[in-house]
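S.K.: Numbered per mature numbering (1 follows the signal peptide of the UniProt record, and there is no 0), the sequence shown spans residues -19 to -1, 1 to 479.
It should be emphasised that the hints constitute simulated quantities derived from the structure, not laboratory data. Just so it is clear, CB atoms sit at the ideal spot from N, CA and C, and this is done for glycine as well. One or more hints might be untrue.
The following label-pair restraints were derived from C-beta to C-beta distances [to be verified]:
id, residue 1, residue 2, range
1, N265, R301, 23 to 31 angstroms
2, P91, T68, 12 to 20 angstroms
3, E94, K353, 18 to 26 angstroms
4, P91, L71, 12 to 20 angstroms
5, N387, D290, 38 to 46 angstroms
The calculated lysine-lysine pairs, modelled on BS3-like cross-linking and capped at a C-alpha distance of 25 angstroms, are [stated by the list, open to error]:
id, residue 1, residue 2
6, K79, K63
7, K203, K126
8, K126, K145
9, K33, K61
10, K203, K164
11, K145, K61
12, K356, K401
13, K33, K73
14, K79, K203
15, K73, K152
16, K266, K152
17, K73, K61
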Amino acid sequence: MGLIHWLLAAALTAHSAQCASTSMRSFENTNVQRTIELGGSLTHVTTTFAIKALGELGPNVYTLALSELDEEKTALMDVKLKGSKETLKLEKFGFNQKSNAYLYSVELPPMAEDATATIVVNSILSHASTPFPESIKQADPQLLKFSTEAYILSPYRTLSERTKIRAPSPKVTSFSAPAELSKYAGTTADSVATRSGAVITYGPFQDLPPTTGLPFQRENQKLLTVHYEYDSPIISVVSLDRSAEISHWGDNLNIQDSVHIRNDGPQLKGHFSRLELQQSRYFNKPSTQVLTHLTLQLPAGIHKPYYYDSIGNVTTSRYRQTPKPKSNTKRSSAASSFMEIRPRYPLLGGWNYTYTLGWDAPLGDSATFDKKTGKYVVGVPFMTPVPGAAVDQATFTFVLPEGAENVHVEPPFPVDAMSKYTHITYLDTIGRPAVVLRSSSLTDQHTGMVYVTYTVPVKAHLAKPLTVSTAMFGFFLLAMLFRRVDMRIGTAKTAKKH
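Please work from the sequences and hints to get the whole structure.
M.R.: Okay, here's the thing in structure tokens:
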């Protein structure tokens, strides 16, 4: 396996060096379609590659390329064959200087010569759109600017290519149409970019050579810019710290999230007027950039939810409880509770807010026990997503029962770091093992389950009641001893003599 991996890496490196390897010219892009869905802090991109195998030399590995701009902004990327639900294996090979791009390899099923396939690449970009202008008055519309490369980077020849950029509404202020793009469009600059409502189409561009490599990019690559209006707050989660604590004796799973959110919209020019905010609501013309509430989807069947900030309890929230489903089917949005959070003050551009949200749930809803192996398996979502928000930093802490052994954690996606420590709380003797997962640049789609497997010896199960019993017995023993001890300085006979 090591030799095969080395050969694949060598082939990709040779290919990136101006396609010097025969095996890396075994594909041709017959048609490439890119659709960009503009938004706030998240931008969704779907790129479809219709490919053709030109020869049988080399492995069935297709190479994807990302520019430095896209690599920096890409928070999630998955690759599938069109019509298939199975995700293809994606491996990152890092930045290649000769290609001036970040290379990824995709393992394809065996393909004969002249065989065709369609690869669908779904990706989410974080913080790809920025406010422009950077500061506005409270009642002004919120405008964003998005930029991307005109030509999709690919180490293969492309027969036809088209890019569609879809704005949230037809309120598009402007968009660029570089005249140099007519070189591969075969038309005048006026028809390189066309607009229909909220959709701007670039291309089709035809008979493109491999677009990786500095010579082509310096001569032909141009930036496309779209200036559009966005009618919702631009929310980012600066940090999200989740703690999941398991209690077997209490049959309870406690979840607590400490969240720091920020409105990434344009900065407020001038002073804030609450009167103006109330008037805009009364006349049904609310300020689009102001965040007044969040609606979060929580699991069904939870109890004792709580929500507070640095000042204390916030009573402006509303919780809509849904009973847990009777069957053990997978949870869905139809079987979820909802928490509507209203911050203590409205959030304008550049304003921050921190809060803590938590709840208890029956452990049996998330845990299973294998009697043969004696292993517990507990599954907890990595985070509760804030809809449409990019997550800059996320930390997940799993606190296991005291005495847990053979701990194995399986995250839903690769994480930046994993560490362990001992968590000590009241009535503990040796402390509880805890696992910490850290990740960055996440989206509201990173909601997979974190599964932890562990065993608990019988003596560990009995440690807690024995500790409590010993503590109570010691307390009563001390009370009895104190009752029998005469704490007076002198005896009764000595007192009579004096």
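S.K.: Now tell me, hint by hint, if it's right for this structure.
M.R.: Status of the hints after comparison with the structure:
1. N265 with R301: 23 to 31 angstroms: About 25 angstroms separates the Cβ atoms of N265 and R301, which means 23 to 31 angstroms holds.
2. P91 with T68: 12 to 20 angstroms: holds, 18 angstroms
3. E94 with K353: 18 to 26 angstroms: Violated - the Cβ-Cβ distance for E94 and K353, about 51 angstroms, lies outside 18 to 26 angstroms.
4. P91 with L71: 12 to 20 angstroms: holds, 18 angstroms
5. N387 with D290: 38 to 46 angstroms: Roughly 39 angstroms apart at Cβ, these two residues keep to the hinted range, so it holds.
6. K79 with K63: violated, 31 angstroms
7. K203 with K126: holds, 16 angstroms
8. K126 with K145: holds, 16 angstroms
9. K33 with K61: holds, 16 angstroms
10. K203 with K164: holds, 12 angstroms
11. K145 with K61: Answer holds: K145 to K61 is near 20 angstroms, not above 25 angstroms.
12. K356 with K401: holds, 19 angstroms
13. K33 with K73: Status holds; Cα separation ~23 angstroms.
14. K79 with K203: Given pair K79, K203 holds - Cα atoms ~19 angstroms apart, limit 25 angstroms.
15. K73 with K152: violated, 38 angstroms
16. K266 with K152: holds, 16 angstroms
17. K73 with K61: holds, 16 angstroms
In this structure, the earlier hints numbered 3, 6 and 15 are contradicted, and the remaining ones agree with it.
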